[in-house]
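Residue numbers (the working numbering), protein chains in the order written: chain S, 0 to 308; chain V, 0 to 308; chain Y, 0 to 308; chain W, 0 to 308.
Since the hints were made in silico from the structure, they are not lab data.
It cannot be assumed that every hint is accurate.
One copy or any two copies: either way a pair holds, since identical chains are not told apart in the list.
Subject to a maximum C-alpha distance of 27 Å in a straight line, what follows is the list of computed BS3-like cross-link-like pairs (lysine-lysine) [as the list claims (entries may be wrong)]:
1) LYS20 with LYS297
2) LYS143 with LYS297
3) LYS20 with LYS143
4) LYS143 with LYS212
5) LYS20 with LYS212
6) LYS83 with LYS143
7) LYS20 with LYS83
8) LYS297 with LYS83
4 protein chains.
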Amino acid sequence: MAQRGVLRPGFVQICVLDMEKAITHYRDHMGLELVGIEADGRAYFKGYDEFDRHSIVLREADAPGMDVLAFKVYADEELDSFEKRLNDMGVTTTAVAVGEQPSVGRRVRFETPTGHVFDLYAEMALSENGPMVTNPDLWREEPKAMRIQRFDHCALVGINIVGAANIFTEALDFTIVERAIIPDSGEPVAIFLTCSNKAHDIAFLGNPDNDGKLHHVSFNLESWTDIGHAADLISRYNISLDIGPTRHGITQGQTIYFFDPSGNRNETFAGGYSHYPDNPVREWTVDQMGKAIFYYEKEVHGRFVEVFT
Amino acid sequence: MAQRGVLRPGFVQICVLDMEKAITHYRDHMGLELVGIEADGRAYFKGYDEFDRHSIVLREADAPGMDVLAFKVYADEELDSFEKRLNDMGVTTTAVAVGEQPSVGRRVRFETPTGHVFDLYAEMALSENGPMVTNPDLWREEPKAMRIQRFDHCALVGINIVGAANIFTEALDFTIVERAIIPDSGEPVAIFLTCSNKAHDIAFLGNPDNDGKLHHVSFNLESWTDIGHAADLISRYNISLDIGPTRHGITQGQTIYFFDPSGNRNETFAGGYSHYPDNPVREWTVDQMGKAIFYYEKEVHGRFVEVFT
Amino acid sequence: MAQRGVLRPGFVQICVLDMEKAITHYRDHMGLELVGIEADGRAYFKGYDEFDRHSIVLREADAPGMDVLAFKVYADEELDSFEKRLNDMGVTTTAVAVGEQPSVGRRVRFETPTGHVFDLYAEMALSENGPMVTNPDLWREEPKAMRIQRFDHCALVGINIVGAANIFTEALDFTIVERAIIPDSGEPVAIFLTCSNKAHDIAFLGNPDNDGKLHHVSFNLESWTDIGHAADLISRYNISLDIGPTRHGITQGQTIYFFDPSGNRNETFAGGYSHYPDNPVREWTVDQMGKAIFYYEKEVHGRFVEVFT
Amino acid sequence: MAQRGVLRPGFVQICVLDMEKAITHYRDHMGLELVGIEADGRAYFKGYDEFDRHSIVLREADAPGMDVLAFKVYADEELDSFEKRLNDMGVTTTAVAVGEQPSVGRRVRFETPTGHVFDLYAEMALSENGPMVTNPDLWREEPKAMRIQRFDHCALVGINIVGAANIFTEALDFTIVERAIIPDSGEPVAIFLTCSNKAHDIAFLGNPDNDGKLHHVSFNLESWTDIGHAADLISRYNISLDIGPTRHGITQGQTIYFFDPSGNRNETFAGGYSHYPDNPVREWTVDQMGKAIFYYEKEVHGRFVEVFT
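In isolation and in its complexed conformation, chain S is listed as follows (with noise of 0.2 Å):
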């Protein structure tokens, strides 16, 4: 049947040292577009096929971070619904009051053990400069810079991953989709849900000494082309990059990851399966780490497992 409930990773809220500087990254070098800066400062973007008002939200503050995750549903009444299933299994839930967003209805905020805050909400505006729909071209203005489709997911850092992915899979329908674990132990060290077809919609990276920290917010490209040419963009506009081009192991998705000036890692992936529930879930041990993130490489740097913010 369609897809209902939880469509999406609908926004996320950053948090940026300097909006300026932010606003040249995340407009003119990766080419989002600006929507708008409303009143209290809060800058807002969105990808070239969204079709919603906005994605991104930036937020100047004194330090990085993710403020909150926000996971559009399908009908305001199914909010009412998680927020008991929620209540249920012992999760506290609180209201973010129409407005907050410009556009945005009512959310639903619930906290994970990890420390991490999301929220869930039924509306938003259309985009003035969405999609177009009748008779409708492949776009209205080409796309710019770093040719970015959609937001499409966070992998955060936390100590109960466990705990953080079972709110979502009993909450909130999500399947798990991968996963690493330790062999003796069956215990995750990281666990990829899924609300949709997409290969993930959150990660939940394990860490034992760090909690409430966002590892990287997601971007969707087209095709490998525009993995590349996102290189030749970081490298031109001296950005300071993490990783890639490379792919993952996990999800196979062909990925780039650099900074914002802030600090806070981005990427920017390509591909990736399709996923369906009647697939089976795709495990790899913890020994197989390196080319579970790096299938390229096989291993991974200590940047890319010590730097969060």
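We have chain S; now place chains V, Y and W onto it with these hints.
Positioned in the frame of chain S, the structure of chains V, Y and W alone reads:
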């Protein structure tokens, strides 16, 4: 919430005039895996990125065309509820016994007013040669020839396409993603429906004179580069080209069409947008049908709207 | 030894009916750099990866077509020896004065029996916006629109193409790379010549009724992906498409053809083989002309062999 | 004028420790055609788009490395004039007899002050499996594995690279295309030379402690997509990766490096600019060496400048 109910087009059974030539085409020139040939002469195939045992079934017959298009549903018990909903709409259902195809469970069969036969089923054995699941590599063996990831969808030709589409939306929870209409009457001349995040899982093309016909069977490739590569193979192996490489306005997919040795139209395509049920329906007026179908050529050649099987 | 003598097609001067529309086409829709508009109204353009000041010159005129195709030679003194060799063959030469175009040195002009005008020149100023040479980045500014690397070649239509080709092989040291012939007579109907490692630097297409005509002006793109992107732009901007994306049998280039607002045919192409002078000449028989020209379609539409400027 | 004199790197003879493992690597994993194994145990290979009989020769030996890099010249009589020019520079030449390799004509051998051995030859039989020349298809058989078009060039490590480069520019008419220098002294630390329109046909990399060493043998692929595909194969077949997929600042080529089972470094690359002898020389200062070599990473890992064969 994770996808439930109808998941995807699971397999299609196609009639071919000469099995030997058909195997050369589908296995050697297109690169599908030949899973096996059963005692009744039917040949079973799959793409390299499919978990289930088979997705294409060829039956030798006196005329080309499609016997049946079967959709996989998530759970066996859903077959009963879908059957009830079909019956409640006045759609007659029949049972196809377990074992009619190797490894496939019970099937609920129904026919649309366009004269096409569809099955719903919930069980098929996993392929021994499907994607790896433990410390998985990208593929077991390098994808061959056209590098087909999966069977993707069918487009079907008939008179009462509104009646056919209604069955899919009302009884099977499909969503209309895109359609072409006659402006004055609002009458649809083409309807594209999905049960997933794909831009289409099935399409109905209106035709005043032809019912129960197959327009094309479509296969998913990774990229525009693979579309070009398919074109190279089509020319090298003297496969009968219909049109392409080109792009669709509808779905935005990049595509090439050709004919199997029996005259059944095949499509290999890549790209196209992802669909979410909160997206607006995209609509074309019939005067823009050229651009809707072939975004580059902006016109449709006669063969494309006259040759079916 | 390193290439000497004739290096490459250096610039072409094209007639357009409406300069404003032409600038929109060549600058905004194709993405060439507009170097400048001179006092006599001519507009000068270049691709992003060209060192010299300009490679395309547009002149407003009452009819479309090509004024002159100019080849750059390595050294000024070679102009004299080429002129002598031309004269020795009975080919009349005239001088074009320094300054007829900004920054271009003296030019030796001659005409082929097909009625086409060619110049040889050795000097043009370097562009201030050419590729970087000290600790160079990939490009100064991101390539725009169709991402044209360089003006590449012209294909010209005429009656006595053997006579025209002879001038290039005998007086200018070009090599015939590929040709199409009438099997019984051996008479060529198309001749592709190079002065470099490119599969072609100029092509002559035989036609019994048309002399001195331009078939197309061709621009080099990086990849098949960029051909697809050019197609997207062609459709988006309602540029008149001739054919493509497709591939040539001759040269193996991947290509798309379209018309500028004055009716001059443009090509953007990518790929094709590299040529070395010890390679065999590739030869097509006229019955395979369809495949020779359009490797996928295996037939040539009337417009392609009937519409010239 | 059409290229004369030295045309291209024609073949290279490489030492391998275990021929069986080497054949698995070069034939099965890289996809080169194994032309044959001769009585003396040497194995001959070629890429799918090469006309000549072979371009890679493997010899089983106790240590890896390069025996000889041979350049093909246009005409036999040019061998004499090149020999004279070499001798006039004080470079000793010796003759390698016809038949030392199957189907190869006489060779003029010389050594650079860096201790590398080079041959010049004008004759080699055409492959029976080279590109088609009459009504040609794109290829006879679909390119295999890494889809290698041709052997492209070698990069060699030595102390007196200026002396080595001088032989190529003064006696063999090569052009310096790009170089890296120490700013104060102007001393080159890397010199890239061409005898064609390629960005490089040979490269010398300066090293204070190593002479006569092979840095890498390089093969040309069609596109960035094929670089990514090579990376997929490298990981799938557990080939030892050095670095990539990435891009060079020098030449702008897109590249991936890996090791054959004997430790010889291989490169597969695509793209990069075309060179003309009127182009300015591009120059890097040694402080930008990271970006010069790996345009994305902007730093060079130790293995790349320490491991040679």
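A quick look at each hint next to the structure:
1. LYS20 with LYS297: between (34 Å within a copy, 22 Å between copies)
2. LYS143 with LYS297: Between copies only: 25 Å across chains, 33 Å inside a chain, cut-off 27 Å.
3. LYS20 with LYS143: Both: 18 Å inside a copy, 24 Å across copies.
4. LYS143 with LYS212: Close neither inside one copy (30 Å) nor across copies (38 Å); limit 27 Å.
5. LYS20 with LYS212: within (22 Å within a copy, 47 Å between copies)
6. LYS83 with LYS143: Cα proximity of LYS83 and LYS143: none, with 42 Å in one copy and 50 Å across.
7. LYS20 with LYS83: neither (41 Å within a copy, 59 Å between copies)
8. LYS297 with LYS83: So LYS297 and LYS83 fail the 27 Å test inside a copy (43 Å) and across (51 Å) alike.
Figure legend: structure checked against the earlier numbered hints; hints not met, in rising order: 4, 6, 7, 8.
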